[in-house]
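Colleague: Residue strings, one per chain:
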Amino acid sequence: METATLETRGLNKSFGSVPVITDVDFVLRPGERRALIGPNGAGKTTFVNLLTGNLRPTSGRVLLDDHDITELDEARRIRQGIGRTFQITSLFPMLTVRENVFLAVSECEGIAGNLFRSALRHRPQIERTDELIRRVGLSDVANTHAQLLPYGRQRLLEIAIALALRPKILLLDEPAAGIPTADSHVVLDILATLPKDIAVLLIDHDMDLVFRFAQQITVMVQGSIFAQGSPREIAADPRVREVYLGDSKHGLAAAS
Amino acid sequence: MTAVSTSGPAYPAASSQLRRLALPLPWLATAALPLFLPGYEPLATQILVMIVFALSLDLLVGYAGIVTLGHAGLFGMGAYTAGILSVYGITDPLLTAGCAMLVAAATGLVFGWAMLRTKDLTLLMLTMASAFLLYEIANKATWLTGGEDGLQGVNFSSLFGTFAFDFRGITAFYYSLAVLFVVFLAVRALIASPFGWSLRGIRENSARMAAIGCPILKRRVIVYVISAALAGLAGALQAQATQFVALYSLSFELSGNILIMLILGGSGRLYGAFIGVPAFMFAQDLLAKQDPANWFLGLGIILIVLVMLAPGGILGIAERVMAAIRRRRGAA
Amino acid sequence: MTTAITILFFGIAYGMILYLISVGLSVTMGLMNIVNLAHGVFAMLGGYITVTLMNHLGVPFLLALAAGCVLVAILGFVLERLLYRHLYGRSELDQVLFSIGLIFVSAALARIAWGPLAQPIELPDYLKGQVEFLGLELPTYRLALVGFGFAVIAGLWFGFDRTLFGARIRATVNNREMAQSVGIDTDRLFALAFALGTGLAALGGGLGADVLAIAPTYPLQYIIYFLIVVAVGGLGDIKAPFLAAILIGLADTACRYFLPEVGAIFIFAFVFVVLIWLPAGIMQWRRS
Ligand SMILES: Nc1ncnc2c1ncn2[C@@H]1O[C@H](COP(=O)(O)OP(=O)(O)O)[C@@H](O)[C@H]1O
Ligand SMILES: [Mg+2]
Numbered sequence: 100m101e102t103a104t105l106e107t108r109g110l111n112k113s114f115g116s117v118p119v120i121t122d123v124d125f126v127l128r129p130g131e132r133r134a135l136i137g138p139n140g141a142g143k144t145t146f147v148n149l150l151t152g153n154l155r156p157t158s159g160r161v162l163l164d165d166h167d168i169t170e171l172d173e174a175r176r177i178r179q180g181i182g183r184t185f186q187i188t189s190l191f192p193m194l195t196v197r198e199n200v201f202l203a204v205s206e207c208e209g210i211a212g213n214l215f216r217s218a219l220r221h222r223p224q225i226e227r228t229d230e231l232i233r234r235v236g237l238s239d240v241a242n243t244h245a246q247l248l249p250y251g252r253q254r255l256l257e258i259a260i261a262l263a264l265r266p267k268i269l270l271l272d273e274p275a276a277g278i279p280t281a282d283s284h285v286v287l288d289i290l291a292t293l294p295k296d297i298a299v300l301l302i303d304h305d306m307d308l309v310f311r312f313a314q315q316i317t318v319m320v321q322g323s324i325f326a327q328g329s330p331r332e333i334a335a336d337p338r339v340r341e342v343y344l345g346d347s348k349h350g351l352a353a354a355s
Numbered sequence: 006m007t008a009v010s011t012s013g014p015a016y017p018a019a020s021s022q023l024r025r026l027a028l029p030l031p032w033l034a035t036a037a038l039p040l041f042l043p044g045y046e047p048l049a050t051q052i053l054v055m056i057v058f059a060l061s062l063d064l065l066v067g068y069a070g071i072v073t074l075g076h077a078g079l080f081g082m083g084a085y086t087a088g089i090l091s092v093y094g095i096t097d098p099l100l101t102a103g104c105a106m107l108v109a110a111a112t113g114l115v116f117g118w119a120m121l122r123t124k125d126l127t128l129l130m131l132t133m134a135s136a137f138l139l140y141e142i143a144n145k146a147t148w149l150t151g152g153e154d155g156l157q158g159v160n161f162s163s164l165f166g167t168f169a170f171d172f173r174g175i176t177a178f179y180y181s182l183a184v185l186f187v188v189f190l191a192v193r194a195l196i197a198s199p200f201g202w203s204l205r206g207i208r209e210n211s212a213r214m215a216a217i218g219c220p221i222l223k224r225r226v227i228v229y230v231i232s233a234a235l236a237g238l239a240g241a242l243q244a245q246a247t248q249f250v251a252l253y254s255l256s257f258e259l260s261g262n263i264l265i266m267l268i269l270g271g272s273g274r275l276y277g278a279f280i281g282v283p284a285f286m287f288a289q290d291l292l293a294k295q296d297p298a299n300w301f302l303g304l305g306i307i308l309i310v311l312v313m314l315a316p317g318g319i320l321g322i323a324e325r326v327m328a329a330i331r332r333r334r335g336a337a
Numbered sequence: 009m010t011t012a013i014t015i016l017f018f019g020i021a022y023g024m025i026l027y028l029i030s031v032g033l034s035v036t037m038g039l040m041n042i043v044n045l046a047h048g049v050f051a052m053l054g055g056y057i058t059v060t061l062m063n064h065l066g067v068p069f070l071l072a073l074a075a076g077c078v079l080v081a082i083l084g085f086v087l088e089r090l091l092y093r094h095l096y097g098r099s100e101l102d103q104v105l106f107s108i109g110l111i112f113v114s115a116a117l118a119r120i121a122w123g124p125l126a127q128p129i130e131l132p133d134y135l136k137g138q139v140e141f142l143g144l145e146l147p148t149y150r151l152a153l154v155g156f157g158f159a160v161i162a163g164l165w166f167g168f169d170r171t172l173f174g175a176r177i178r179a180t181v182n183n184r185e186m187a188q189s190v191g192i193d194t195d196r197l198f199a200l201a202f203a204l205g206t207g208l209a210a211l212g213g214g215l216g217a218d219v220l221a222i223a224p225t226y227p228l229q230y231i232i233y234f235l236i237v238v239a240v241g242g243l244g245d246i247k248a249p250f251l252a253a254i255l256i257g258l259a260d261t262a263c264r265y266f267l268p269e270v271g272a273i274f275i276f277a278f279v280f281v282v283l284i285w286l287p288a289g290i291m292q293w294r295r296s
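Residue numbers (our numbering), protein chains in the order written: chain A, 100 to 355; chain B, 6 to 337; chain C, 9 to 296.
Hints in this document: simulated from the structure, not taken from any laboratory. Glycine is no exception: its CB is placed at the ideal position from the N, C-alpha and C atoms. Be aware that one or more of the hints could be misleading.
[As the list claims (entries may be wrong)] Computed far set for chain C versus chain B, every beta-carbon distance over 12 Å:
1) I13
2) M37
3) L65
4) L79
5) L91
6) Q103
[As the list claims (entries may be wrong)] A partial selection of chain C residues facing chain B, derived with a Cβ cut-off under 10 Å:
7) L16
8) F17
9) V104
10) A223
11) I232
12) G271
13) F280
[Claimed, not checked] Footprint (simulated), chain A over chain B, 3 or more residues, beta carbon under 8 Å:
14) 142-155
15) 190-198
Put together the whole structure using the sequences plus the hints.
Modeller: So, in structure tokens, the structure goes:
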């Protein structure tokens, strides 16, 4: 498995005259498990969109292994290994779970333009599809239309699609939002099965999940990086506690 | 109005075997038609040609989600190509049909490459404008096309040098049936391929397709070109079966009619074309001859009711009925 | 010189009719986000009402126009509440099919009621013949048409810019959620806008009965022109379609005069190129 380092330098984004991301210098190293937290509206989703090429920055650069990818579009960055999930579920509603995942597998493996052989006869890709579905625990609904799944399971399908693209870097925008708290460990279990050298950036409001998952935490407030450090340092940082965590260490979910 | 849930394997093994056995039956029945309904061959041929045309449209509307009101432009390009070639002495049916496909595909490539970057109303308008443009050109280039009088002197030689296009239309009938069968197999293979799946992905959520790395414009242009070639083939068949090409083959009216036929049967369902086209054309044959006003009144009401109450066409209705029966059985 | 002015004049008259009919379509398509191919139905109906009232009942021209406008606006209101309402948020394909269905029904009914032939308008004496204008002999009817059209347009633009109703439409076209959140009753707004748009189309249909002949084929025959005006002008606006309509009226008239052998080819090629270049219409060009 190849690895890659994703970096931003002096990244800025404004919508009209409203600055949303200001001067962000950020590094995500191979194998890192980093969480990005911050209050609603801090700019986390916008930041992810800048990393994936879904949005263009107003100024600043995005680097992948020291190569400037600021001008590359979304599709190219995906091929270079930047995968993501969406905060707002974005699936193919009238296609089955299997078809949803196969679409991503076939794009990733370069067979999606094949006109002649039946999709089902592409054995290796179908097997990989089924394996991914198993990994996120959706085998029992493999032939169900995505729109008929409960929301929590749609989130899992979203993750399977992201994994299908063999990301070197995985950006997860609130993957557990909408999954009942009792089941959020499923997301952790899936993340635990990822190859160790994939870099993962997780956005979530569930502090329990964040503190169990992350080796490093970045706190974003009003579009800037407010603090960075290990979970222990962040939890102990009085400034973070003041502006963000409130009084109790694990009270963030309630605060946002 | 949710879709039918299909938990478990989509089609159980037993039913798939049944399907495989049943597949040739309608084809054989159709092939025997001249024995039972002599005199109806020309109408039957018309229906077969229009099914080819509707299948080509289904690739765009039903699978790729490209709504077009200009598909007759491509049909007409095929019809005029075959017809004009025959007037200038190139009369072999298969050769001219091949040329018609090429010309229609090239037209589709040029228009598709330009149009398919846009979406929604703009795309719809462009598809209309492209067909109107071709219609006007054919209308004005009377020296080549015969203009409003239609193309005169169309005459094709015998199929394989053996089967002449006879007065009763037997040759044309079997020729069209054979072409339809080949087109049907090709389209069925296409929609089952990874390319076909990706078309449905683009239809369902093109933003998400982009985010998994799909070159959307390229896929849409490719399917447009394929669809154009098949529409052109249908046009050539029409020219050969009727030994005539009229401006109608490029008209907005035909673009609209073929869309209605497809939707009537059910788009995105492969068999929709086989149901909608005969239903439409038989009804038209019966009703429009008596009074066009009644025909349009009935058709208009059916369209409105279909949109308001029964999306999915005849096959959609059948699917819902089947699902209801299955539910009742499950409950009992 | 004379030729140029004649073409200018006829082009503007034609563009004016196109604008009056299409402006309502632009507003409703932008406002409700639907594709409506059946807009020509309302213009046709306006034309039939005007012609019938004048030719058979001797109603004066202006009164007949007003009657057509009001009756069709009421019909538009009712149809919006009964049918169109259900199409909001549906697929483009559904909207296309529904509007084709409506065209077929109305064309069939028109054929049953008035027969298949075009209904010629019998102009009142004061609109017949020619008048001298800038040293040119121009048909009185078209001159009146242009004058009347400008008056209607002035009123319309003034209303759109200055009244609360106009402001509400502009706000809702811009951002529907926002408009709803500040308390605009969008349901009512849609119905009223639809009524206004269809009323204007009826007015255009009646006024232009001598330019675009009133026959059952009307909605299908001219739909492409109305849609071109809307697509080239851009959705949801009332001023840009005017520019588009005049441009198309002039271009089509000039082309038919100078290059009759090219006919309408030019106009379709022109539209094709404009839309590829500016997919959101000419407004996009001004913005960028
Ligand atoms: N497309 C957009 N246009 C204008 N403002 C936007 C857009 N996207 C996000 N914003 C604004 O940017 C800010 C950050 O949003 P977002 O990145 O979604 O925050 P987070 O994901 O941290 O909750 C918010 O104030 C939001 O309103
Ligand atoms: Mg967010």
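Colleague: So, against the hints stated earlier in the document, which numbers end up violated here?
Modeller: 2, 5, 6, 7, 8, 10, 14
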